[in-house]
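So the sequence lines, in the order shown, correspond to chains D and Z.
For the first sequence, the numbering used here gives the first residue as 35, with consecutive numbering after it.
For the second sequence, the numbering used here gives the first residue as 35, with consecutive numbering after it.
Since the hints were derived computationally from the structure, they do not count as laboratory data.
Since the structure is predicted, the reported quantities are computational estimates derived from the model, not experimental observations.
Be a bit skeptical, because a hint or two may be false.
Identical copies go unnamed one by one, so any copy, or any two together, can satisfy a pair.
Said to hold, decoys possible - The list that follows gives simulated cross-link-like pairs (lysine-lysine, DSS-like), each with its CA atoms no further than 27 Å apart: (1) K173 to K58; (2) K214 to K192; (3) K173 to K36; (4) K37 to K173; (5) K173 to K192; (6) K37 to K192; (7) K36 to K192.
Protein chains: 2
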Amino acid sequence: MKKSLGTQGLLFPNPVLVVGTYDKHGEPNAITLAWGGVASSGPEAISIAVRPSRYSFEAILRAGAFTVNLPSIEQAAAADFFGISSGRQTRKFEVTGLTPVRGEFVDAPYIAEFPYNIECRLVGSLDLGAHTLFVGEVKDVKASEDLLDAHGALDWEKAAIITFDSAQRVYRAPGQEVGKAFSIGRRFIAADGA
Amino acid sequence: MKKSLGTQGLLFPNPVLVVGTYDKHGEPNAITLAWGGVASSGPEAISIAVRPSRYSFEAILRAGAFTVNLPSIEQAAAADFFGISSGRQTRKFEVTGLTPVRGEFVDAPYIAEFPYNIECRLVGSLDLGAHTLFVGEVKDVKASEDLLDAHGALDWEKAAIITFDSAQRVYRAPGQEVGKAFSIGRRFIAADGA
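Make the full structure from the sequences, and use the hints.
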């Protein structure tokens, strides 16, 4: 049986996107967002949804840039804090003891201790009401060596990158593999006689 | 040690978004996408990135509508097939034996067997190059009772909603809880004396 839940806008899974900016005084700041995702593959781009009331909103527009940093379990509490506090009142990097590093390619800081950092240049936006969806073109990605497997490919499980479950309001570790992509569906191609 | 990976646009985690449309002949079709996410909370909206070459692209524009359906492990192979085949040559619902149901609120079919279905009206788009990012406003959500916990809240783990790991090219089950959101970060608020 299906049950209508009305218009709640939940998806699973959600990433934990810790977005770094410089504020108008040049202070590094970061905000944690869960609404966003990959937006294009060429050029590579990422979407993030930000409420206009948040302190990071004008910082993103002013610099035309932001970073996206993915936390591992070790940084889960700091990532949570970045979401529930505001850079208007709080120097979040000082409180957490984390290290902002000036981006090499854009005017925004990335977080040294986080295993995955993306530098983005703002290339588009859509005003959707409660949130504005910003799209950033990826200018560079840096990964900790902890995050790479023996073949040099990213292994999110190795660094225990966390995800956000907005329905149960919990963070989760990467889950177990249940099938190969671009592969387990081939059984239907055979069935189709193609 | 951090290593630059250039401009690869990977995030973790990615959802498995099976997007339903009617084609120009009124045939139900579906495509599996991993680039997308929640785009706003009010009104609730979801982004999906679609290559203009895909058969679903013009169907979304024609109807101004699409559905987003989240698969459980049971539908993982079908979801994979929806991504690697094209509605130009293949009647994907017939091949997989899944059931398209006409949306109640928009001109697009949802998938009966999938535990979570969202009906969306197209409200915005951004042409980003390889992909166009479509934004759909949520008009209704339907969930299988398998997906609801004792309090009526969504429990993605209960229905084993799958996720996509684009780096290792595998599907994953929901991972274990590692912390409470809007909670584990409070330790830094105490530390700050606030």
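With 27 Å as the alpha-carbon cut-off, assign the pair K173 and K36 to within, between, both or neither.
between (44 Å within a copy, 16 Å between copies)
Have a look at K37 and K173 and pick one of within, between, both or neither, based on CA distance no larger than 27 Å.
between (43 Å within a copy, 14 Å between copies)
For K214 and K192, with the copy left unspecified, which applies at a CA distance of at most 27 Å: within, between, both, or neither?
both (18 Å within a copy, 22 Å between copies)
Could you place K37 and K192 in one of the four classes (within, between, both, neither) given a Cα distance threshold of 27 Å?
between (38 Å within a copy, 16 Å between copies)
If the cut is 27 Å between Cα atoms, do K36 and K192 qualify within a copy, between copies, both or neither?
between (37 Å within a copy, 15 Å between copies)
Taking 27 Å as the upper bound on the Cα-Cα distance, should K173 and K58 be classified as within, between, both, or neither?
Cα proximity of K173 and K58: one copy only (23 Å, versus 39 Å across).
Can you give me the call for K173 and K192, within, between, both or neither, at a CA distance of at most 27 Å?
Classified as within: same-chain Cα gap 25 Å, cross-chain 39 Å, threshold 27 Å.
The structure agrees with every numbered hint stated previously.
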